[in-house]
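Novice: Chain by chain, the residues:
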Amino acid sequence: MPWLVRQLVRLVVVLFCVTLLTYTIVNILPGDVAIVILGNLATPQDIAGLRADLGLDRPMLVRYFDWLGSALSGDLGRSYRSGEPVVQAILDRLPVSLQLMVMAQLIALGIAIPVALLSVRRPGGLFDRISASAAFGFLAMPNFMLGIVLIYLFSVTFDLLPATGFTPMSEGLWDNLESMILPSLTLGLIEWTVLMRVLRSDLLTTLKEDFILLARAKGLPQWRVLLQHALRPSSFTLITILGLNIGGLIGGAVIVEQIFALPGVGRLLLGGIFNRDLILVQGTVAFIAVGFVVINFLVDMLYAVLDPRVRHVRFRS
Amino acid sequence: MSASAAKVAAIAATGPRRRWRWALALPLGWLLLVVFLAITADWIGLPDPSAQELILRRKPPSAEFLLGTDNLGRDMLSRVIYGARTSLIVGICAPFLGFLVGGAIGMSAGYFRGKVDLLAVGFIDILLAFPSLVLALTFTAYLGQSLFNVTLALGILSIPAAARVSRANTLAWANRDFVLAARTVGASDWRILTREILPNLLPPMFAFWLVAISVIIVAEGALSFLGLGIPAPQPSWGGMIADGREALDVAPHTALIPAAVMFATVLSLNFVGDMVRNMVDPRRSAL
Amino acid sequence: MSDLLAIQNLVVEYPVGGGRHVHAVSDVTLSVKQGETLGLVGESGSGKSSLARALLQLPPPKAGAVLFDGQDLTKMRGQALRAVRPRLQMIFQDPIASLNPRRKVSEIIAEPLIVSGVSDAAERSRRVRAVMEAVGLDPDLVWNRRPHEFSGGQCQRIAIARALVLEPSLIVCDEPVSALDVSIRAQIVNLLEDMKARFGLTLLFIAHDLAVVKSVSDRVAVMYLGRLCEVADSDSLFATPAHPYTAALMAAIPVPDPDVPLGDTKLKPGDPPSPLDPPSGCRFRTRCPHAQPRCASDVPPLRAIAPGREVACHFPLVA
Amino acid sequence: MSGQAKSQAPLLSVRNAEVSFSTARGPLRAVDGVSFDLHEGRTLGIVGESGSGKSVLVRSLIGLVGAGSGAGVAGQVLFEGRDLRGLSPREFRGVLGTEIGIVFQDPMTSLNPVMKIGRQIGEGLRLNRGLDSKAAARRAVELLSEVGIPEPERRARQYPHEMSGGMRQRVAIAIAIACAPKLLIADEPTTALDVTVQRQILDLLQREQRQRGMAMILITHDLGVAAGRADDIMVMYAGRAVEAAATREIFRSPRMPYTEALLRSLPRLTDPTHSRLSAIPGRPPDLARRSGGCSFAPRCSYRTTQCDEQQPVLTWEASRGYACFHPRGVEGGVGA
Amino acid sequence: MALFSRRFGLAAALAAAFAVPAFAQAPAPVRGGALTIGVESDFEGFDPIRAGVYSNSTVTAASLFYETLMRLDDKGNLIPALALSMTPNEDGSVWTAKIRPNVKWHDGTPFTAQAVADHFNRLLDPANRFAGRAYLAIEKVEAPDDLTAVFRMRGPNAALPRTLAQPTVTTLIIPVKIAQEKGADYNRNPVGTGPFVFKEWRAADRLVAERNPNYWDKDKPYLDRVTVRPLPDSDARYASLVKGDVQVIWEDRAENIVKAKKDKNLRVLQWVGSGALVIPLNTQREPLNDKRVRQAVSMALNRKANAAVLTQGLRPVYDDPYGPSSGIECKDTGALKYDPAAARKLIADYGKPVKLTMTVTASPRGREGAQVFQADMKKAGIDVEIKPVDQTQLVKEALTRDFQVTGWRIIDLADVDPQMFANFHSKSPINFSGYNNAEVDRLLLVGRTSLDENKRKAAYCDLIKILNDDAVWLWSGSNIDFAITRANVHGIPALRGGAVQVEGAWLTK
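Residue numbers (this note's numbering), protein chains in the order written: chain A, 1 to 317; chain B, 1001 to 1287; chain C, 2001 to 2319; chain D, 3001 to 3336; chain E, 4001 to 4509.
Treat the hints with care, since some could be wrong.
Said to hold, decoys possible - Computed cross-link-like contacts, BS3-like style, restricted to lysine-lysine with a CA-CA straight-line distance of at most 27 Å:
#, chain 1, residue 1, chain 2, residue 2
1, E, Lys4140, E, Lys4104
2, E, Lys4104, E, Lys4218
3, B, Lys1115, C, Lys2075
4, E, Lys4304, E, Lys4355
5, E, Lys4378, B, Lys1059
6, E, Lys4355, E, Lys4337
7, E, Lys4259, B, Lys1059
8, E, Lys4104, E, Lys4261
9, E, Lys4379, B, Lys1059
10, D, Lys3116, A, Lys208
11, E, Lys4218, B, Lys1059
12, E, Lys4199, E, Lys4509
13, B, Lys1059, E, Lys4262
14, B, Lys1115, C, Lys2062
15, B, Lys1059, E, Lys4427
16, E, Lys4465, E, Lys4291
17, E, Lys4509, E, Lys4218
Think of the hints as simulated: they come from the structure by calculation, not from any bench.
All chains, full assembly: derive it from the sequences and hints.
Specialist: Structure, rendered in structure tokens:
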């Protein structure tokens, strides 16, 4: 399976570059973790001493390869700031981020697919134009604004959902879902716009294909033509965008996590950077990079499921 | 031949163009207005956008302050117009920067294929896998917050998308016979890239760029929210929304006015972008 | 007449992923004499287009030599190759795709002149006008227009003008009329014939339409699945096909005359094999009604059966 | 079957079919007042160049042009005496799925790339004939074998890209005939295929048509194909039917100068090498800028001022029709 | 001396009576229920060495598990906590604390004087680099027996009991032995003597504590469970309170406090502490090394009017950092009056154009303050460029004196000495204004060592006159902490140090 090998090489190279880049970047940021730990009352002597203790006075590359060595053996070290093992910190946050990401994408898809299907029934028609405007409206809505509007609407005014906070699944599935609906909605309501536009445009292309004509010539009703014949071959760009989004969302939902006080990876990363907690940032970034590459690997696999032509080329040795 | 049926259908799809014409006038007019005001802001007698009158903070729209005042008692109209300048500078320049770099990368990847492609795709992968937050924070923390740095950071973030678009389009165009024809007369790679492929790449890139502008304008707002946007007191739409958000119930206009302006602009950009995309649809230009 | 172009043992293969290769052209030797028109016939997958591109070094073939006026193009690189290119031009099947939609007609035709270093703008426009007139385009009407404003036939004229503007010795015409309508096709075929006479061109004329090939070619070569089947002068090839494939090809052409009965197909039923995995021995054997066991084991070499007549068959239809 | 009555009334009767599109450059009439009849069991060849409107015409008859594209469709279409244009969408789909089959030009694009062959064939059967999925699958395999595909069970489980072009077109034919239609429309069925394969596919179409007693509309730009397979031929030029007659008459004694010029411009194997082809000067008109006269007039060597000013209508002379003021081979036609 | 004993004596006597601070005529406490507190940020952890400084969010969480030796009631009186009493020697350089008997750590081991000694000695050990030690006037702590802890001071120190009574990272006593056994994990698994036992801390999400059944004060706590949730977005935090997801929030946005005051379902608690919001000027940098420029800046800034508008009158501005809780009241602070005309004159006098860079945190608060500062300065002809940076960078620039003007906050301490000494003494490593004035140094020493409360007050008042005239730091706001509770929450004491302490809190329906 040379394809699999290629993917692995890709993963390794990306990881190496991303972590090295992170290391460099966090190192050149002004201020360091010693100042953070010792606080605004520290003496310069103390700071120098702590830097030495933490090994921050050694050359950057030496430290990087040290980190890389232990990271390869599965040890991402302990946070300078909290002393918490980095792996543990990430694993604690990951379920939240994953759930947020999955629910947000499901919501986005749940809106995007029907809207796209309905709007290609009559391109340029009333529904199409209204849905396009709605999409651009949500696109223009900053999520920090949308989030607070949703909170006021759904939890303060209608008293339907909790305003903030996260309830783990272990404390009841419904409570868990309740706590995630608003944040996912905030992301999903913005995300669907892009997905809808992409799917709509691909659907329009597909609908010009002869096999759609043939399907109609078989006497299939419009909805059947759309769902069974047009949707699947039109979903490749959608899937690609989805893959990229998912990658971005693992660490990129900071604002939503902040507003809804969700303990996600984004806030962990943000805190890590503000604290100059190199070890934590490094581990998190590496993790996000792995997540990104792996998810896009899965997306590639999904292509094969959706499109037998890809399967054909790839899996027949 | 039956291909003709497809072609006719394609012409048909451009059919309601006359209806489009007035539908296009509105968004185009709005964009022109915004750009005009942003450029001439200094000369149209607006009050200083950073002049404060704290006593008059969060006043609703009135004859004196047409759009009311913000949280520090500054004239919203002036700030919205000066904010247009900031938001447009960031919105236009950042993706432009991204397109310059990403476009070049994507073009080389799509044209040369093979190892160049592998390198370019790897580079894009790295940029994508690298959390954009870290990048934005780094820029603003290390280089300082300024219009230029925010633009640069957002520009870098738009490289992967630009590279993807240009690579995909280059792949499509580089296989066309006219590229082969250029090579049969002995044109160099550089000449083919710049004279044969680039002109065909520009329209789809332009359409995409229009959409990217709206995305970046919103993204600048997110940076402002995290405190990483354009430094105060220079107004930007995103920053104004972020500032106004906390008084959503007592002075909703402080958030809603910039939000409405941003909405109208994003809507217009996308409409115009759609039009450009329709006009340059290869299916139609092949007619 | 001497050989202007000699293709020797040309091999073109390209990968399609999974470690597999398309055997597009396998060991083809062929020559084109100064001033003649060589027709190259074959169905899709026969490798005729691959052959054309390989001889123009776009990209260079995997193996073999391409002698143009005595120089081996496959050994040339960079500047040297670019210097020869103007003498070897190409016309493509899809006239619209072969013209850059974003450039003006005058720019498209002038492009080869710019590339080959004609720096005087006046000189360039003089030559562009001249060649436009030669192919039947009114320079004043077309000068500033773009390709999409023209029909397929007009576009093909523009493409021919572009090929001619450098005054080449050899033009490879890759299905130049296949995409054109019947009523336009004859115009372009006639134009090519006129241009050949006027500029003393040598043509390699590739097509799948035997009738068109017959009407323009002095000699015809037939390809099947990357190999040459038969090379002969036009009249004798069509009068008495020696290779069973040539015969089958001729039998398959629908004749525009309702009174001509549909004859025998001269083929075993079944589809052409894939160039990914061509049959052993004679590649036509899987569809050949005359196939013998020997055809599966031995590759039939291209051999002369009469003066100027070569065939690659163990059991040719003409002795 | 009350064959008597039906063999007299045409299976398909089209009157004044029109299709127009609105474009940036104004309205474009792609099909302009075409009428024809097709009787059970007959093959009508519709011949024309690209842009002549032959595909658009036929697709508009069965509702595949129009919906959603902003096209204007007019005229009367009677199928077995029923006006197709007056049917509800549901009724119309019923007719489409069961009574009319269609085969497109390029089997590469006319088959759904992501759906298994067997399902694509069985789909219409399940929907229109009410077969359950098992029965539909069984029937699909039978159909595959009928259209000459070896190992039909295995092929039914494959995707289109795993087959050769000829094979795919056989599948497309299997889909078209699955519900035993009375009318088969073949829209350039062999244009995308090699000549050697073209022969097999045309043979298959003809065989199926005869066995099932279907009527067939064969759309082609290749006069050779039409000559060998059609009973009658309708020649289209610039959206209009310019000549209609039995096949032999078209080829032996064309009335319309366009038909005549077209036939003459074909290169033939019997001609000697380097013989100059007789080309038709000029090119087809821009449909968005029709003149008031005969569309072919600018290219016609028999053109008179009448041709420029007046549009000839398709007139019938015995069993054949032509739209020309100066028909060939008719008394008073030439040089009148 | 007399002062201490008087105050302390009174406090000790009334200890029992004041154990529950009377919040008007509240109903009698009810046992049971769970309370959720929304705070601003996540917690640094609970090992002082690692945490360095506690944010007010962390203090809120830490005071669930830990306790101070003494406590202050809402009137400012000392009451016993882990210590039953604290007595000074003659000159106040040695303090002896009697430790409360029968107190146990949450793990069941007994709380002894040795633990007190260990706690403070660990913080004082330079090897541990505890940042706050610069503020501690303690030399070392000894434990002659299980119930006696002896504090040896660096010199006479009047303020120790009060200093130790305010919950901070130094005064909340942790079990050093357990902390050392657990190592790095202790930071996240606090064990203390306090009213609640640590149950769970899900980082960035919530910290859960349950009633300590073995708490030494048998009636308390009333609540069964307390959850502290970091809710960083202030609007979302407020919405959570209105919705009822949380019952108490810490808050500092005037908009929300004003709203809450009008909401009958909510109650606003506020506490005016010592300390202040300040704008330090770097006296070592051009052009601020010139007194005229500093004075001009001081006179150009319309502190009171700005605060009145921006905080909607919630946060009055004083002319010193002492605050009502410090007990220091100066008749004359020598503050320069708002006078942009005079400021312009001073700048003209200075002769060169003045351009300043103000380094602030990249937060809404920082941005707002900086813009107001900038606008005021502009009226006096001073150009200000705003440089937003993150907190870490701000601290670094302050410590390395790599700034001109910045925004800062002096935290609420029970006694002003540590802050004032650290910030203005010329030898202090964290005097980041680089201020050097022998008279100020002398006065600071008087304030630290004098046992005469009046002399101390006088010294601090003299000090503030010099500082104000020299315009070293500008006092831009008082240090007021706000919390908003649902109306059914009772028994939350003064928000000392910004901490919401719920040991005595209870819920009604």
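Novice: Can you confirm whether the C-alpha distance between Lys4509(E) and Lys4218(E) stays at or below 27 Å?
Specialist: holds (24 Å)
Novice: Are the Cα positions of Lys4465(E) and Lys4291(E) separated by 27 Å at most?
Specialist: holds (14 Å)
Novice: For Lys4199(E) and Lys4509(E), compute the direct alpha-carbon distance and say whether it is at most 27 Å.
Specialist: Holds - the C-alpha atoms of Lys4509(E) and Lys4199(E) are around 25 Å apart, at most 27 Å.
Novice: Below or equal to 27 Å on CA atoms is what counts here, so check Lys3116(D) against Lys208(A).
Specialist: Distance ~21 Å between Lys3116(D) and Lys208(A) Cα, so the pair holds.
Novice: Please verify whether Lys4104(E) and Lys4218(E) have alpha carbons no more than 27 Å apart.
Specialist: Distance ~13 Å between Lys4104(E) and Lys4218(E) Cα, so the pair holds.
Novice: Under the criterion that the straight-line Cα-Cα distance not exceed 27 Å, is the pair Lys1059(B), Lys4262(E) satisfied?
Specialist: Distance ~20 Å between Lys1059(B) and Lys4262(E) Cα, so the pair holds.
Novice: Lys4355(E) and Lys4337(E): Cα distance at most 27 Å?
Specialist: holds (22 Å)
Novice: Regarding the pair Lys4304(E) and Lys4355(E), is the alpha-carbon distance no greater than 27 Å?
Specialist: holds (24 Å)
Novice: Would you check the hint for Lys4104(E) and Lys4261(E), treating anything up to 27 Å between C-alpha atoms as holding?
Specialist: Violated. Lys4104(E) to Lys4261(E) sits at ~41 Å, over the 27 Å cutoff.
Novice: Given the hint that Lys4379(E) pairs with Lys1059(B), test it: the Cα-Cα distance must not exceed 27 Å.
Specialist: This hinted pair holds, its Cα atoms lying about 23 Å apart.
Novice: Hint check: Lys4259(E) vs Lys1059(B), CA-CA at most 27 Å. Holds or violated?
Specialist: holds (17 Å)
Novice: Under the criterion that the straight-line Cα-Cα distance not exceed 27 Å, is the pair Lys1115(B), Lys2062(C) satisfied?
Specialist: holds (19 Å)
Against the hints set out earlier in the document, violations occur for numbers 8, 11 and 15.
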